[in-house]
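2 protein chains.
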Amino acid sequence: MKTGIAVAMAAGLCCAQNPEAFHPAPTNVWGAAYPRVDDSGRAQFRVKAPDASKVQVNFWGAAKLDMLKQPDGFWTVTSAPLVPGFHYYTLLIDGAEVSDPGSHAFFGGGKDASGIEIPEAGATYYLPQDVPHGEVREIWYNSKITGSWRHALVYTPPDYDTKNSMRYPVLYLQHGAGEDETGWVRQGHANFILDNLIASGNTRPMIVVMAYGYAKRAGQPDIDLFGKPFGSPEAMKAMQDMASAFEDDLTQVLIPYVDAKLRTLSDRDHRAMAGLSMGGMQTFQVTFDHLDLFSYIGGFSGAAGVLGNQKLDTKTGFNGALADPEAFSKRVHLLWIGVGTAEPVRMHEGLLRVHEVLRQGGIKHIFYESPGTAHEWQTWRRDLKDFAPRLFQEGAQ
Amino acid sequence: MKTGIAVAMAAGLCCAQNPEAFHPAPTNVWGAAYPRVDDSGRAQFRVKAPDASKVQVNFWGAAKLDMLKQPDGFWTVTSAPLVPGFHYYTLLIDGAEVSDPGSHAFFGGGKDASGIEIPEAGATYYLPQDVPHGEVREIWYNSKITGSWRHALVYTPPDYDTKNSMRYPVLYLQHGAGEDETGWVRQGHANFILDNLIASGNTRPMIVVMAYGYAKRAGQPDIDLFGKPFGSPEAMKAMQDMASAFEDDLTQVLIPYVDAKLRTLSDRDHRAMAGLSMGGMQTFQVTFDHLDLFSYIGGFSGAAGVLGNQKLDTKTGFNGALADPEAFSKRVHLLWIGVGTAEPVRMHEGLLRVHEVLRQGGIKHIFYESPGTAHEWQTWRRDLKDFAPRLFQEGAQ
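So the sequences go chain by chain: Z and H.
Residue numbering for the first sequence follows our numbering, beginning at 1 and increasing consecutively.
Residue numbering for the second sequence follows our numbering, beginning at 1001 and increasing consecutively.
Take every hint as true, because none was put in to throw you off.
In the DSS-like style, the derived pairs of lysine-lysine whose C-alpha atoms are separated by at most 25 Å in a straight line are:
no. : chain 1 : residue 1 : chain 2 : residue 2
1   : Z       : Lys48     : Z       : Lys64
2   : Z       : Lys315    : Z       : Lys330
3   : H       : Lys1064   : Z       : Lys48
4   : H       : Lys1064   : H       : Lys1048
5   : H       : Lys1144   : H       : Lys1261
6   : Z       : Lys54     : H       : Lys1054
7   : Z       : Lys163    : H       : Lys1163
8   : Z       : Lys48     : H       : Lys1048
9   : H       : Lys1315   : H       : Lys1330
10  : Z       : Lys54     : H       : Lys1048
11  : H       : Lys1064   : Z       : Lys54
12  : H       : Lys1054   : H       : Lys1069
13  : H       : Lys1261   : Z       : Lys163
14  : Z       : Lys69     : Z       : Lys48
15  : Z       : Lys69     : H       : Lys1054
16  : Z       : Lys54     : Z       : Lys69
17  : Z       : Lys315    : Z       : Lys364
18  : H       : Lys1311   : H       : Lys1364
19  : Z       : Lys64     : H       : Lys1054
20  : H       : Lys1069   : Z       : Lys48
21  : Z       : Lys261    : H       : Lys1261
22  : Z       : Lys64     : Z       : Lys54
23  : Z       : Lys54     : H       : Lys1069
24  : Z       : Lys69     : H       : Lys1048
25  : Z       : Lys261    : H       : Lys1163
26  : H       : Lys1054   : Z       : Lys48
27  : Z       : Lys330    : Z       : Lys364
28  : Z       : Lys144    : Z       : Lys261
29  : H       : Lys1315   : H       : Lys1364
30  : Z       : Lys237    : Z       : Lys144
31  : Z       : Lys64     : H       : Lys1048
32  : Z       : Lys261    : Z       : Lys163
33  : Z       : Lys311    : Z       : Lys364
Selected chain Z positions facing chain H (Cβ under 10 Å, derived; list incomplete):
no. : residue
34  : Asp51
35  : Ala105
36  : Phe107
37  : Asp112
38  : Ala113
39  : Pro128
40  : His133
Derived by calculation from the structure, the hints in this document are not laboratory data.
Note that beta-carbon positions come from the ideal geometry of N, C-alpha and C, so glycine has one too.
Chain Z extracted, bound-state conformation (with noise of 0.2 Å):
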């Protein structure tokens, strides 16, 4: 295999003029020029392949953009001004869906796609300050539910290693579908916004436990989603299968590892668990399965209830939690609920109707829209900082 002597050549790296005001993505790898952005939004972006006939860039769900080959064999375009925040995207090259050597890896649609930041004017909430800074952990742990060895991030305040004797409250916090356990640091910087929002004295110093969202029980044949349409019966049975090989997971292993592992507070007034999309679904069914564990809940553009024809009944949903307003809010002391103006509209009808079946029901809950943004990281970083002030603190809501 080559040197890594060798290598460094590659990785070296450096250095091109920005003529027109575009600068290297946040998100690039050491040194690399492309894909680059200026003020308005607007990226460019450049790959070499010089024997391809066509190149385009896929912004997931958003039209591609053709690019054009230059006469040195790379291939280039600029978007239009996008939207600040976090984008996926791949390349399509003849064909081939990959993702640009440029740009750093990020977990999502179930491989390392490449992601752009696209930074937001005065936001740095998100951004490392200089303030106490938390440690995020990694931890393994041998789950007798899936038969496997499982991998999961810990967010542990500044003053954890400090305060020797001190106990803190803990957010499970989980990723959306196609993404894992590490989505919520790379791609969603919950570490600093927990480091920013600490330091701001608004937010009690917390534990924030990052799952590996998806589990099948042993020796149960793979969960097969492939090729069944979305929505199907089929489709709905696969992911319940894997919801419920989670719940238990989520319940029985790791929650007894970190009360062991780590100096949590472990009754249910100090447990909290929000998710996105599918880990907002997650949260619905575990937290409200598991009332004597739980007792903050926040769905981040996903919650149960919400798609297709399913109408929330507040008498019956959630195994009757909601069916008398007055103890439900006695016993979970936060319900919230977030959504992005710019999502699919059955993902913002359907979160708008649930809060409006919980408003009508006499409900205590927060619902939360963010401006602009879609189903994407900068709605989910907003709901974090929205949500997190909330927990743990006496009167809540």
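Given the coordinates of chain Z, assemble chain H onto it according to the supplied hints.
Frame of chain Z; chain H shown alone:
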């Protein structure tokens, strides 16, 4: 952007049958059936590129494998048996060098490249076992040297969180050129190697700090290594500028930060440094410049005075530290050098020559050869397995 739920369909994943005793590689993303490996170490690759005219698998430094187009638009190829261990690779699609969507990305060659793990029969020392596990922590520190936030990974041993008054020795462990601070965990499995060594009772529980090996001084222009011939004076100058900034960042910022933040034993008798390839060169530079800080030194396939026509002079080299062998071996508890027997001749012979010069000079040291492995991670995993048990022990060597 695409909804997370729709993305789920691409991510649920699964489960091809393996009629030829091929199994998905352990380095694959969840559920990807390809690439896959058999017991002889052969690897099968498969990628969708319906409109491409030429697709190859590019094992770095080895011959490229031509893939064959199938009627379904997928390209496939089966390799000859590969040496066990971790191998970087990319795909060449009509001249574009890109990663394989079926494999996880590993930072190497200055980008998120693909990697494939070929199991080594009987070798479990770098795999997760049912033993107590340490944690890998991500830390960020604000460096006055580079004027930027820097990221490092830190391994803490299994009992770190329960033995609240215990202090631990520290190993600084560096990646190679083109890689980054994640390499020793993602590719090298350093955390599992330490877990297993500590569990066996032969290795003292220690903290391992893995720093980002690139640096440029605050306010300095980008270091441009592009387009400079390998080994040229300009390339060496650029490398040295970077090494110098790295040395100052490590010794003036990171070490004090780690000693303040973690429960370390902070004297030189309890601090080691090792690195692979470029990291080995950095180790020799940093430790011999700072013998007040370090007393254990390891060069894994890399050490000062190895390459080109340089020959180590034990009287004048390393600031004269070797001139008095007896004094040196009292001061430096371990000098350890390793190389794979299948490495490029220049590297293998260069390190044999260092070994021989040290031997002739009467300088106490350990020289280790990894049988049959090249300039790659299986060599460095074995190095760490031999090196770590020798650290921080009475009567080391």
